[in-house]
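The listed protein sequences derive, respectively, from chains Y and S. Counting from 1, one number per residue, gives the positions in the first sequence under my numbering. Counting from 1001, one number per residue, gives the positions in the second sequence under my numbering.
One thing to keep in mind: the hints can contain errors.
[What the hints assert, rightly or not] Below 20 Å or equal to it, Euclidean Cα-Cα: the simulated EDC-like pairs (lysine to aspartate or glutamate) are:
#1 Lys1187(S) with Glu240(Y)
#2 Lys1012(S) with Glu240(Y)
#3 Lys1187(S) with Asp24(Y)
#4 Lys1047(S) with Glu1037(S)
#5 Lys1012(S) with Asp24(Y)
#6 Lys1187(S) with Glu17(Y)
#7 Lys1047(S) with Glu1060(S)
#8 Lys1133(S) with Glu303(Y)
#9 Lys1187(S) with Asp27(Y)
#10 Lys36(Y) with Glu1060(S)
#11 Lys1012(S) with Asp244(Y)
#12 Lys1249(S) with Glu303(Y)
Worth flagging that the hints you see were computed from the coordinates, not collected in a lab.
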Amino acid sequence: MHATVSTAMPSAERAAEAARNAKDSRDDRLFGWVLKGCALIVLLSLVGAAGSTLWLGMDAFHTFGFGFLTSAAWDPSNDQYGALVPIMGTVGTAFIALLFAVPVSFGIALFLTEIAPQWLRGPVSSAIELLAGIPSIIYGMWGLFIFAPFVAEHIKPWLMNNFSADPPDGQVSWLVQHVPSIAKFFSSEYPFFGAGVLTAGLVLAVMIIPFISSVMREVFQTVPTRLKESAYALGSSTWEVVWDIVVPYTRTAVIGGVFLGLGRALGETMAVAFVLGNTFKLTPSILETGSSIASTIANQFGEAQGLQRSALMALAFLLFVVTFIVLLIARLMLRRLANREGK
Amino acid sequence: MSASLYTIRRIKNVVAMALSVFATAIGLLFLAWILWETLSQGIAGLKPQLFTKITAYREEGGLANAMVGSLILNIIGILIATPIGVAAGTWLAEYSSRSKLGPTIRFLNDILLSAPSIVLGLFVYTVIVLPSKWLTNGDVTFSGIAGGIALALIALPVIVRTTDEMLRLVPGTLREAALSLGVPQWKLTMQILVRAARSGIVTGVLLALARISGETAPLLFTAFGNNFMTFNPIDKMPSLPQVIYEYTKDPSPDINVLAWAGAFVLTMFVLALSLIARFVFSRSKVSHD
């Protein structure tokens, strides 16, 4: 009798507990699904960005076929569109940006990890990271109003005097007389005009320096101290430790950081929209004006209709695919170091 | 022989060190140059009417509508991105450990982080602006909502990443203690883990806000811009970066001065936000110890 009472009570309790457990696990499942749904939005926005630009760009791809990639014509009045000039502009400016940003970033990372006294490292690295926080439109303004006139006044005349076939000082340099082919990279129709591929590339370089240098600094710090100390103990100089120990150890991640900067430089719109000049003439000269994919979209999409809008969408699709691949490589290379660190 | 080798090595070292210091000086020089120009040219253009008058008055006007528009667009963007981003980051940190999808999404999120923002703007143009034009017979084309969604897409990966990282920093013992008491996982996540990582998550949201405050490209074809004051999110909406873009292109020097003043306000706002984010983050580190 006593026993039945004592088992009856727990069975009611057990039922309540079972109900609570069932509710908890149902809530847990629901909660997990909601979270997973939100995580899938990340996936969706990447797929959506590629899909929507491809969909609206289909018209241009159909009309021009493969020639869209190889044609240098960009003529809205005749409805002829080719992507070659914007592609060249994008690649050219990004290449110049890397050419300047990589050595400077390397120097900064080296300074911050090996040379600077401890008390200076914090402030200097914060200051460099501040550069990354400045909105890109500010870089664009500074480029247009301050830097482009500076280039026109100081850098461009010097380059043209030394490397172009038509120098402002009238004296063709010894180098150009002997290697005339170099001159086509430094010709300029408007010698006193600061905008151009070189200017845009330099502005981009300043923009991506903080990204590349902070990746380099971080990966340099992952080098085990005992490796460096062994080299120092054998009598290596700081430079030898960096070049023979730190750089080989971090090579993949350093390249990953460079690709990360390249991805930024390729997709940047506002910093180059003002200083590239927005012309559509195919030229090898870095002192000529040009246009990039992003700046073409920013400048023309507002008024574009029909085939022009489709061509701009097709450009956006190309840009997205290329930056996606570049960033994919960057992340894969950076991940390899992270994996090794974990071991 | 060995003495000369030693000299060469020493010279090499000194040259490399000097170049490294020089590179750092170049980086700092450009930072100082850009900030100095923004400061000096911007302060020259600072007038009370900058904050009280709208862009419709052009030279005699200010940027009041652009600032209000930016504020509304940022709020919409953050309101959309924060819950989704925190949820997605939580899933990555707490739920995805046994699935293949988790690492893939974490990886793709890092790519979205540096994807070209103008393409994300065109994506929102395709899925929000175009359909709303058809649905309303052209009454609603560009809108503040569309601009806010575009900004949300840019803020999202920042919030996802910081949430994910911060949650993974929370000690596993906290999870085990709660689970052994029979707390269901959703309660553990909401009431213990997210709370423990709160200041880190707030840092992420602030960094995301700083990032979207300066974005121009995705707003050009979504919020579009408006010369009048508007609080209506389905209206075309101006924003500070977009007005700076238009005013920089303008041939009139008086308008350019306004662009500099706007650039000054924008830069100060963004830098202040990142300082606050750093402050919140440094406090969160102290409280963990």
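Structure-based check of each hint:
no. : hint                       : result
1   : Lys1187(S) with Glu240(Y)  : 55 Å, violated
2   : Lys1012(S) with Glu240(Y)  : 9 Å, holds
3   : Lys1187(S) with Asp24(Y)   : 9 Å, holds
4   : Lys1047(S) with Glu1037(S) : 18 Å, holds
5   : Lys1012(S) with Asp24(Y)   : 68 Å, violated
6   : Lys1187(S) with Glu17(Y)   : 17 Å, holds
7   : Lys1047(S) with Glu1060(S) : 11 Å, holds
8   : Lys1133(S) with Glu303(Y)  : 16 Å, holds
9   : Lys1187(S) with Asp27(Y)   : 9 Å, holds
10  : Lys36(Y) with Glu1060(S)   : 52 Å, violated
11  : Lys1012(S) with Asp244(Y)  : 14 Å, holds
12  : Lys1249(S) with Glu303(Y)  : 16 Å, holds
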